[in-house]
Amino acid sequence: MRVKFKIRRHDPAAGGKRKSYVQAYDIEAAEGMSVLEGLLKIGDQLDPSLAFRKSCRSAICGSCAMTINGFSKLACNTQILPQIKKHGEIVIEPLKNHTVYKDLVVDFSSFWGKLNKVTPYLTPPEESPTEEVRITKEDAEAVDDSQKCIMCGCCNGSCNALEIDDNYIAPAALAKSWRFVGDVREGNSTRRLDKLSTEHGMWTCVRCVHCTQYCPKGVKPLEAIEKLRDRAVEAGITDNHGAKHVTSMLDSIKRVGILDEAAMTFKTLGFVRSLGMIPFGFKMQMHGKMPRPLLFPAIDGIDEVRKICKEREKEKAKERLKREKKK
Amino acid sequence: MALKYAYYPGCASKEITKESDRSTRKLAKALGIKLHDMPKATCCGAGLLTDYDKQLTLAINARIFAQAEEMGMDILTICSTCLMVMNTVNHELRNTPGQLERTNKLLAKAGLHYSGKVEIKQLLWVLNDDYGLKKLKEKVVNPLTRLKVAPFYGCHSLRPSDALGFDDPEKPVSLENTIRAIGAEPVDYSGKTKCCGFQIDLVNEDLAVDMTGKRLLDAKGETFVSRIDDINIKGADCMVTPCPLCHVNLDSYQEIAEKRLSRKIVLPVFHLSQLVGLAIGLKEKDLGLTRNMVSPESIL
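Residue numbers (our numbering), protein chains in the order written: chain P, 7 to 333; chain B, 1291 to 1590.
Treat the hints loosely; a few may be bogus.
[As the list claims (entries may be wrong)] Pairwise CB distance ranges (calculated):
no.	chain 1	residue 1	chain 2	residue 2	range
1	B	1550	P	200	29 to 35 angstroms
2	B	1580	P	191	56 to 62 angstroms
3	P	92	B	1320	47 to 53 angstroms
4	P	51	B	1589	47 to 53 angstroms
5	P	92	B	1387	49 to 55 angstroms
6	P	301	B	1554	32 to 38 angstroms
[As the list claims (entries may be wrong)] Some residues of chain B that are not near chain P, with every Cβ distance over 10 angstroms (derived):
no.	residue
7	1293
8	1329
9	1390
10	1430
11	1455
12	1570
13	1589
Think of the hints as simulated: they come from the structure by calculation, not from any bench. Glycine included, every Cβ here is placed at the ideal spot set by N, Cα and C.
Turn these sequences into a full structure, and let the hints steer you where they fit.
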């Protein structure tokens, strides 16, 4: 079948002024052929000047991440014909949220920089353990998903928060952080969580679920972020808007069952910043949108909710104790 | 047999986006869909509770499902975040070995039990699948033929797709098809499956609002968008979203986005129930259009 590849090309080094442009190539694609094979064919037969990264061709090296029909994918494990069936064409652009070197080759230095920032290796506790730490199946499973990362950058390429905030630590480095915070041998989890709780850290995530959806290896960075946040709150690192947002949600559910928006705003922002919300609140009120302040009746059966919370809190405390004994 | 659901509007629609709840009730009544209230339902946790403790989120949501089970109905929600949280929980309970039993142990403390059989659907899904767009089309008395409508899916009505299992997150069609069924024209634009920013409104307002502004300008065809055929993009007259949280940002925060971007946007944003309601002849008052902060008056 003849298929059209439309590729966004850009060569910033050549003169610098020329903007990116789209070049189309027609190639013959057979059943089962990958987008990478298509690109190799174009490079071999039609246009040797087309630049793209590749190596293993089997979704292990993480070199060929790019934007295919709008979403981050590995070219080597994306087949051409199903994409054609869905979109009618193959539109390829460089991985988003990264600076382009040439055509589909992007600068990965920001990716590595973010990874370096989270100290991507185990650090021992101050007092060295006197015997080996036994890793149970459960312990290993806790960080399993995050170990599947091949550092292709698909998650960062599709991250909605990174698109706005270049300095955001972003999902790849956060999944890597969980790899160590969640490891029973790690000696500096709290210090790590402290650092991740600062500006541009883990509370910048907008929960758009793109990272988890478009990771080709099932790393589930969003779940890693949720676990990091859970551990941070548990460790008492709550002096930031993100953590306050979370604890005010819990308070609200335990107190009345449903979300008390006014109380949440107040608890998350604090007194002074809540004052800043007053003009906006007036405008909301003109349209009847101001949340009722603290006047909620609790839902029917709130006792059930409180019993469940209480029981789970007991469980959680035990789990924590068990983890800490290990260290 | 008439469609009936355990109705879970979500916390936002009980308070700051009441118009979404009210218009959904009117719409359901007009279409003959029965909505049964769930007075015992809690908040789903909106993802924030998952940040505190996943196991608790599973139990709190399973408690909601147990109520629906008692009522003998599936759940209909009008919030994408509730939809995502609840389906993610249900997926976990059904597919992770031992998880349903573990969660039921917590529920047992409150004398409850969940079998794992309840389905959680969004109004958009119900209109497309259960009710049917063909039937909806027959109900249209006021086809919105003049309107170019930007469908805004946002994140949680599509992802994570393994848990949701509805529509295609890379090429969704359900909102477009609904827009066509009520006589209007859907407009394609790059940001329709991206984030509105709502989740971090209170944590990092600037970032959230930048996101909101970007989505709105995309829909109006006023930004450079990376889709290759962007020259063909027509600006939308209005936007429609199945999610009240997206609505908060796209509508209520629109003026703040305008200030940050130092430019006018003025794009009316409808709740799905409002736009469909208009087409089937419901009164503007019943749809609560005056509660929308960007007035849709000029395009109606």
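Consistency of the hints with the structure:
no. : hint                               : verdict
1   : B:1550 - P:200: 29 to 35 angstroms : holds (30 angstroms)
2   : B:1580 - P:191: 56 to 62 angstroms : holds (60 angstroms)
3   : P:92 - B:1320: 47 to 53 angstroms  : violated (35 angstroms)
4   : P:51 - B:1589: 47 to 53 angstroms  : holds (51 angstroms)
5   : P:92 - B:1387: 49 to 55 angstroms  : violated (33 angstroms)
6   : P:301 - B:1554: 32 to 38 angstroms : holds (37 angstroms)
7   : 1293                               : holds (25 angstroms)
8   : 1329                               : violated (5 angstroms)
9   : 1390                               : holds (15 angstroms)
10  : 1430                               : holds (28 angstroms)
11  : 1455                               : holds (13 angstroms)
12  : 1570                               : holds (24 angstroms)
13  : 1589                               : holds (18 angstroms)
Comparing the model with each earlier hint shows violations of hints 3, 5 and 8; every other hint is respected.
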